[in-house]
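Asks: Those sequence lines, one after another, are chains A and B. Take any residue in the first sequence, note its place counting from 1, add 6, and you have its number in the working numbering. Take any residue in the second sequence, note its place counting from 1, add 102, and you have its number in the working numbering.
The hints are simulated quantities; they were obtained by calculation from the structure and are not laboratory data. Some hints could be false.
Here chain A is said to cover these stretches of chain B; the calculated rule only asks that three of the stretch's residues, wherever they fall, bring their Cβ under 8 Å from a Cβ of chain A [as the list claims (entries may be wrong)]:
| hint | region |
| --- | --- |
| 1 | 116-128 |
| 2 | 193-199 |
| 3 | 205-215 |
| 4 | 262-272 |
| 5 | 314-324 |
| 6 | 340-349 |
By construction, the Cβ of each residue, glycine as well, lies at the ideal position given by its N, Cα and C atoms.
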Amino acid sequence: MTNKILILAEHDGATLNPGTAKAVSCAAAITEHGGGTIDILVLGEGIDGVAAQAAAVAGVNAVLVTDAAHLAPPLAVNHGPELAAAAEGYSHVLAPSSTYGKDVLPHAAALLGVNALSDIMAVEGARAFKRPIYAGNAIVDVTVPDDVIVCGTSRSASWPTAAEGGAGAVQARAATSQRAAHTRYQGLAGAGGDRPDLQTARIVVSGGRALGSAENFEILYRLADGLGAAVGASRAAVDAGYVPNDMQVGQTGKIISPELYLAFGISGAIQHITGIKDAGTIVAVNKDADAPIFEIADIGLVGDLFTVVPEIEQQLS
Amino acid sequence: MKILVGIKRAVDYNVRVRVKSDGSGVETDGVKMSVNPFDEIALEEALRIKEAGKADEVIVVSIGNNDVQQQLRTGLAMGADRAIQVETGDTLQPLTVARVFKALAEREGAGIVLLGKQAIDDDCNQVGQMTAALWGRPQATFASKVVIDGTTATVTREVDGGLETLEVDLPAVITSDLRLNEPRFVKLPDIMKAKRKPLDVVPLDELGGHAGAAPATGRHAAPAPRSRGVMVGDTAALVAELKNRGLV
Ligand SMILES: Cc1cc2nc3c(=O)[nH]c(=O)nc-3n(C[C@H](O)[C@H](O)[C@H](O)COP(=O)(O)OP(=O)(O)OC[C@H]3O[C@@H](n4cnc5c(N)ncnc54)[C@H](O)[C@@H]3O)c2cc1C
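When you get a sec, could you build the whole thing from the sequences and use the hints?
Replies: Following this line, the structure appears as C-alpha cells:
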C-alpha cells in the first residue's frame, strides 16, 4: 500500500511554525518505505499566507485549507474533530510534537478510534518507528498494526527542516465541524520579544537556579544578544520566577537541538538533559566540578558564571 | 461536585532508568515506584478545590494489578475520599485508559476529570486529550492555574508561545503541568486514616475493556551516548575552543 500522509500545520495565523517543515521530513522518511504523497492541513481563519508557505515546503503534494472563524483560536476541541474528519482516506496523520500538536493529535486519534504515537524520532518502516520513553533514557521500537491509521507526533529535534522550493497545490476544504460551545478561548499572553525562537535558534544560552534573580538573567540576555542566540532556562529558574515558562528547556519544557548550547549554573538533572541531548555542542559552566552536566558536556569549565559570562562577552567582542 | 483523579504507578522520578540487557524493557525489579509526579499535582489541585468548598468528593483512580493499591493508599493519605482500582494485569494503551476514565466519569457523574499531563514512564501525553474527545467535553491540558467558578472553570495553560487562557463549562477534563501547585507531604496519622477509607476494585472489562488496536512494542535500547568532552581551564581557553570549532 502506498502511503498517503496528512500533516497538521502549526502556525500563529501569519507564519508557519518550523515544526511543520520538520514533520514533512519525518513524512518523507515514511515515503522511503513504499512511496506515497504528503499533504498539509491548515486550520484557521484568514490563512492564505500560511497555506502559501506550506505549499512551498519541498515534497508537499497538496495543501488543504479550512478557513473558518471558529478555527481561529487553536483549540483542540475544534481542531481535533476537523483533523479527524480530514484524515479519512489517509494512511498516516502527523503533527509536530509541540504543545499544539500534542493537544490536538491525540484528540483526533481518539475520535478515529486509534492509538497514537508520541515523539516519533526515527522511521524504520512505513509502520515502524522509534520513540523515546522515560525522559529519553530508553528508545523503544513501536510497530502500528496494518489496518489502522498511523497517528503520531514527530519529535521536532530529531528531524531537519525540509527545504523550500515545493509547489504544492492549495485547495479549499470546507469545515465539517461547528464551534464547541462549551469552550471559550480567552487569549494568549506571550512573552514575545525580539530574540530568536528557542526551538529554531542556532545558539542557545541557558541559565539555571544559580542566576539567583530575574535581574541577574540580564547578563545572559546581553551575551545572547551579542551571539544572536535564544535564551533558555532550567525548570528551577522558571519555578523561581526568574524567567517565564516558555523558556523552560527539558522533559516538560522544550526539546531543542541547536548547534551550540551554553549552560550556565545548571546542574544537569536528567529532566533537563533530555531537552538538549540533540544539541551539536554542549558547553557547561558550573562552579561544582562534580555537577552531572559535565558528564554530557562537550566543553566544560569549572568556574563562577558571574565571572565567566562577562569574560566571554568581552573576549568575543 | 465530584472530581475524578487518575494516579499512575510509575518508576520514581529520581531513579536512573536502565534498559534491560536483553532489550525487552527497562529494569523495574527492586526499583522504587511512586505516584507519577504530574498525577500527584493533579490530586493536590483536586484537594484544594474541595478544601475551597467547590467540590464534595475526590476520587482517586488507578489502573493495574494489586500493586497500584499502594499508590491509591498514598492518594487516600493525601486526602482523597475514596479510591477505585480498575483491575487488569495488562499494560494499557492511552486510548483504553481514556475509555476507562470516560466510563467512570459518566458512572460517577464527575464534574472534573483531573489527570497529569503525562506519565514519566511512557511519556505519552495523550490520556487527557483522548478522554475529552471520547467524552465530548472540554479539554484543558497543561494547566498551570485553575479557577473554579460555579459551573465553569478558567484554566491557564502552559503552551510553547506563553500562557493561554480558556474558559470551559463543567464537566471538563483538565491535565496538570508542573507549576500548578506543590503537592503536600503525607503525615503519618493520615496514612493510618487512609487504611479505613473505601477502595473499590472494578474489573477492566466492566468499563469496556481494550480499545483500538494496540501498537506492538519491540526492542528497547539505551540512547546513543554523547562522547566524552574536554574540560578547559579558563574562559580564554573556552572561547578559543569555540572559535576552533567554528561555533562563534
Ligand atoms: C517530572 C519532572 C519534570 C521536570 N522537568 C524539567 C524540565 O523540563 N527542565 C528542567 O530543567 N528541569 C526539570 N525538572 C527539574 C529537575 O529535576 C531539576 O530540579 C532542575 O533541572 C534543576 O535546575 P538547575 O540545574 O537550575 O538547579 P540546581 O539543580 O539547583 O543546580 C544549580 C547549579 O548551579 C551551580 N552554581 C551555583 N552557583 C553558581 C555560580 N555562581 N556559577 C556557576 N555555577 C553555579 C551549582 O553548582 C548547581 O550545579 C523536572 C523535574 C521533575 C520531577
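Asks: State for each hint whether it applies.
Replies: Here's how the hints hold up against the structure:
1. With 5 residues bearing a CB less than 8 Å from a CB of chain A, the region 116-128 of chain B meets the requirement of three and the coverage assertion stands.
2. Remark: the region 193-199 of chain B is confirmed as covered by chain A, as 3 of its residues place a Cβ nearer than 8 Å to a Cβ of that chain, reaching the required three.
3. For a cut-off of 8 Å, the count of residues in the region 205-215 of chain B with a CB near a CB of chain A stands at 0, and the three-residue condition is violated.
4. Remark: the region 262-272 of chain B is confirmed as covered by chain A, as 10 of its residues place a Cβ nearer than 8 Å to a Cβ of that chain, reaching the required three.
5. Counting residues of the region 314-324 of chain B whose C-beta sits closer than 8 Å to any C-beta of chain A gives 11, which meets the bar of three, so the coverage hint holds.
6. For the region 340-349 of chain B, the stated coverage by chain A is satisfied: 6 residues place a CB nearer than 8 Å to a CB of that chain, which reaches the threshold of 3.
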